[in-house]
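Kindly generate the complete structure, drawing on both the sequences and the hints.
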Amino acid sequence: MALTLDSSVQFLKGVGQHRAELLGRLGIASVRDLLHHIPFRYLDATTVTPVAQARSAPTGADVTVVGRVVSTGVIPTRRGLRVFQCILRDETGMIECGWPGRPFLERQITKGTLLLASGPVRHFHGRQLQPREWIILGGEDEQAPSRGMVLPVYRATEGLTVRQLRRLFEQHLGVLLPLVKEELPAAWREASGVVALPEALRMAHRPARIEEAEEGRRRLAFEELVLLQLVLARARWLAKRSRAGIRFAVKRDLTSRLREHLPFELTSAQKRCLKEIVADMTAPVRMHRLLQGDVGSGKTVVALFAMLLAVENGCQAAMMAPTEILAEQHAATLGRLLAPLGVVPELLIGRLAAGEKAAIRERLAGGVSPIVVGTHALIQEDVAFHRLGLAVVDEQHRFGVAQRALLAQKNVAEGPDVLLLSATPIPRTLALAIYGDLDVSRLDELPPGRGRVRTAIREGRSRAKVYDFIRSEAAAGRQAYVVYPVIDETEKLDLKAASAMADLLQREIFPELAVGLVHGRLNADQRDAVMRRFRANEVRILVATTVIEVGIDVPNATVMVIEHPERFGLAQLHQLRGRVGRGAAESHCILMPGEGANRERLKRFAETQDGFKIAELDLAERGYGELVGARQSGIPELRFADFGRDGDLLDVAHRLARDAIASDPTLGARALRPVMMEIGRRFERGLELFRAIPG
Numbered sequence: 001m002a003l004t005l006d007s008s009v010q011f012l013k014g015v016g017q018h019r020a021e022l023l024g025r026l027g028i029a030s031v032r033d034l035l036h037h038i039p040f041r042y043l044d045a046t047t048v049t050p051v052a053q054a055r056s057a058p059t060g061a062d063v064t065v066v067g068r069v070v071s072t073g074v075i076p077t078r079r080g081l082r083v084f085q086c087i088l089r090d091e092t093g094m095i096e097c098g099w100p101g102r103p104f105l106e107r108q109i110t111k112g113t114l115l116l117a118s119g120p121v122r123h124f125h126g127r128q129l130q131p132r133e134w135i136i137l138g139g140e141d142e143q144a145p146s147r148g149m150v151l152p153v154y155r156a157t158e159g160l161t162v163r164q165l166r167r168l169f170e171q172h173l174g175v176l177l178p179l180v181k182e183e184l185p186a187a188w189r190e191a192s193g194v195v196a197l198p199e200a201l202r203m204a205h206r207p208a209r210i211e212e213a214e215e216g217r218r219r220l221a222f223e224e225l226v227l228l229q230l231v232l233a234r235a236r237w238l239a240k241r242s243r244a245g246i247r248f249a250v251k252r253d254l255t256s257r258l259r260e261h262l263p264f265e266l267t268s269a270q271k272r273c274l275k276e277i278v279a280d281m282t283a284p285v286r287m288h289r290l291l292q293g294d295v296g297s298g299k300t301v302v303a304l305f306a307m308l309l310a311v312e313n314g315c316q317a318a319m320m321a322p323t324e325i326l327a328e329q330h331a332a333t334l335g336r337l338l339a340p341l342g343v344v345p346e347l348l349i350g351r352l353a354a355g356e357k358a359a360i361r362e363r364l365a366g367g368v369s370p371i372v373v374g375t376h377a378l379i380q381e382d383v384a385f386h387r388l389g390l391a392v393v394d395e396q397h398r399f400g401v402a403q404r405a406l407l408a409q410k411n412v413a414e415g416p417d418v419l420l421l422s423a424t425p426i427p428r429t430l431a432l433a434i435y436g437d438l439d440v441s442r443l444d445e446l447p448p449g450r451g452r453v454r455t456a457i458r459e460g461r462s463r464a465k466v467y468d469f470i471r472s473e474a475a476a477g478r479q480a481y482v483v484y485p486v487i488d489e490t491e492k493l494d495l496k497a498a499s500a501m502a503d504l505l506q507r508e509i510f511p512e513l514a515v516g517l518v519h520g521r522l523n524a525d526q527r528d529a530v531m532r533r534f535r536a537n538e539v540r541i542l543v544a545t546t547v548i549e550v551g552i553d554v555p556n557a558t559v560m561v562i563e564h565p566e567r568f569g570l571a572q573l574h575q576l577r578g579r580v581g582r583g584a585a586e587s588h589c590i591l592m593p594g595e596g597a598n599r600e601r602l603k604r605f606a607e608t609q610d611g612f613k614i615a616e617l618d619l620a621e622r623g624y625g626e627l628v629g630a631r632q633s634g635i636p637e638l639r640f641a642d643f644g645r646d647g648d649l650l651d652v653a654h655r656l657a658r659d660a661i662a663s664d665p666t667l668g669a670r671a672l673r674p675v676m677m678e679i680g681r682r683f684e685r686g687l688e689l690f691r692a693i694p695g
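Under the numbering used here, the very last position in the sequence shown is 695; numbers go up by exactly one each time.
Read the hints as simulated data drawn from the structure, not as lab findings. Please note: incorrect hints may appear among the correct ones.
As the list claims (entries may be wrong) - Derived EDC-like pairs (lysine to aspartate or glutamate); straight-line CA-CA distance at most 16 angstroms: (1) Lys251 with Glu312; (2) Lys181 with Asp6; (3) Lys357 with Glu346.
Claimed, not checked - Pair ranges (Cβ atoms, derived): (4) Arg533 with Glu356: 21 to 27 angstroms; (5) Asp642 with Pro340: 47 to 53 angstroms; (6) Arg682 with Ile210: 25 to 31 angstroms; (7) Arg532 with Pro674: 54 to 60 angstroms; (8) Gly594 with Glu142: 45 to 51 angstroms; (9) Asp659 with Gly350: 44 to 50 angstroms; (10) Gly314 with Pro555: 35 to 41 angstroms; (11) Lys13 with Asp610: 55 to 61 angstroms; (12) Gly193 with Pro340: 51 to 57 angstroms; (13) Gly193 with Pro263: 50 to 56 angstroms; (14) Gly193 with Gly594: 42 to 48 angstroms.
All C-beta atoms in this analysis are idealised placements derived from N, C-alpha and C, irrespective of residue type, glycine included.
If you want it as structure tokens, here you go:
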């Protein structure tokens, strides 16, 4: 049977059923899977130092040596520390290697072992190499590698070592690489500057130097990114053309009157984003846009201009929020801004009386009400619109894709434009990866006069002073949040918990003040009741978990205390900090880290209030996979791409994918068939997306 990329690895010489099962634990089932199991790091043996030179190297100098183990032993020290030692020998001499505190290595590094060791030369009972990295190259029958070798380190599993995987590739790579065919058009490779796929895989598995390994990885990263962008570009194309759109005309009636009556001037960022939205709404295809901006950047006002553009054209506009209290807040804000225009927004939420809801539904169906704000109640089957022209979804990540789609499908004949709002700034590269099916507008400027929040780091010994500060703010009529990472105390985690601390704060610290508690185990009605009392200043101190990360606007709240901030991501800390600084009074965010917390990390956070900059720091710290998590189902985990290094490749991939879908929406050209096959392999519903027909 001829070997192909789809052949099972079981049929490779030296593998067999048992080893194939072990490879399966690593996600390797086929020859193609094996070739794409590239090393996660490399040991650079291109500058191997002869042992004689290593012995005379200055103390602290890093060296890499390769030699045969001639003896081993475990030596105790006066402090009770046990040190594993071995003697390495090459053709120039011998050197002692020592691993303090690692006596177990005696079972792994035995006499006759061929060993590569890299690390600093120290003085420890004489000259000694203390390896930071080491790798067993082979046994007594193994030959030392030639100078200039880069050694790949593969992700392994129990029963299948790195050395065995390396041997597997040494044995089969020459046979398997000729099976690989290039999948990407030559013009795409030229635009990105990457090498062909067979050469990239050779570079990844058998690099002549470290730079070659990186070149191979970037080719695999580019393919991964361009396939993802093609799927997202196709989804965007379908969303905009699945039904006929409404081509709005700029009337300058309600929109101009709103601008005249605004008590403030729009920022340049608001004007830019509004221009992008108007361009979409006046185009013949449906708008499918995300408006992304920091807390307080003015997303609601921009959305209101878009809603009035729809109303000017005889259509209706709806805004959907994830909670009743947030919907009430939006309705109040829109009501104030629209009052000079004589437009009254409706509010449709679940807790209204049945008669009230029926009357609102009747006004919406009859076209009497031009603007409505609501929760999930808007997408109930019994809610119909006369002619919905714009659907705005606030905090869009709190809704499922299907829920957002239900609001956008309220019209039968034509599809309303869709504007999604998010107060969670994310890096531009990540936005392209997650929201590549949307057009993205960024509000990256705060309005003048927006209150700055002073951020400070305080140790546990200052806790009494922090409580005194909260008490003084409360005496001035203001309010405070105190946030904890967990709801209940646990033996496994030595963390202060919200439920216990709320009780302690009320009984012992602030008996004269009303203390409230909200957390994720309360149902929505219970949480909303406490939040309403806080907004009304009946609760002076609100103890919470991250359920308030996206919450109500309480201008009177001026203090945010975050316990154990080391347990939160930087972007999450920024969202919590955004709960204060909404009024005229100076506001404060106080971080109270636990023992062993990384103070430098918290200091970086405290030094900036730029949400997009913090998002970049968060991405660098936590990585793409952890930031996206389960929140964005359908986006595959990226195995090769790194947003810290591959932003240029993502830009190219994004442009090529949009151009390709614009000229050939189904990628039906013969030259793109290999690309379509790869989409089918990597994306569960990728080919279904390309078979879908709009209309």
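Status of the hints after comparison with the structure:
For the hint pairing Lys251 with Glu312, the CA-to-CA distance comes to about 7 angstroms; that is within 16 angstroms, so the pair holds. With a C-alpha separation of about 13 angstroms, the suggested pairing of Lys181 with Asp6 holds against the 16 angstroms cut-off. The suggested pairing of Lys357 with Glu346 holds, with an alpha-carbon distance near 10 angstroms, which does not exceed 16 angstroms. About 23 angstroms separates the C-beta atoms of Arg533 and Glu356, a value consistent with the hinted range of 21 to 27 angstroms.
Distance hint check for Asp642 and Pro340: the Cβ-Cβ separation is about 51 angstroms, which falls inside the suggested range of 47 to 53 angstroms. Between Arg682 and Ile210, the C-beta spacing of about 28 angstroms keeps the proposed range 25 to 31 angstroms intact. At roughly 58 angstroms, the beta-carbon separation of Arg532 and Pro674 lies within the given 54 to 60 angstroms, and the hint holds. The hint said 45 to 51 angstroms for the Cβ distance between Gly594 and Glu142, and at roughly 49 angstroms that hint holds.
Separation of Asp659 from Gly350 is about 45 angstroms and conforms to the stated range, judged on CB atoms against 44 to 50 angstroms. Between Gly314 and Pro555 the C-beta distance comes to about 36 angstroms, which sits within the given range of 35 to 41 angstroms. Separated by about 57 angstroms at the C-beta atoms, Lys13 and Asp610 satisfy the suggested range of 55 to 61 angstroms. Against the hinted window of 51 to 57 angstroms, the Cβ-Cβ separation of Gly193 and Pro340 comes to about 56 angstroms, which satisfies the hint.
Separation of Gly193 from Pro263 is about 51 angstroms and conforms to the stated range, judged on CB atoms against 50 to 56 angstroms. A hinted range of 42 to 48 angstroms for the beta carbons of Gly193 and Gly594 is consistent with their spacing of about 47 angstroms.
In summary, the structure agrees with every hint in the numbered list given earlier.
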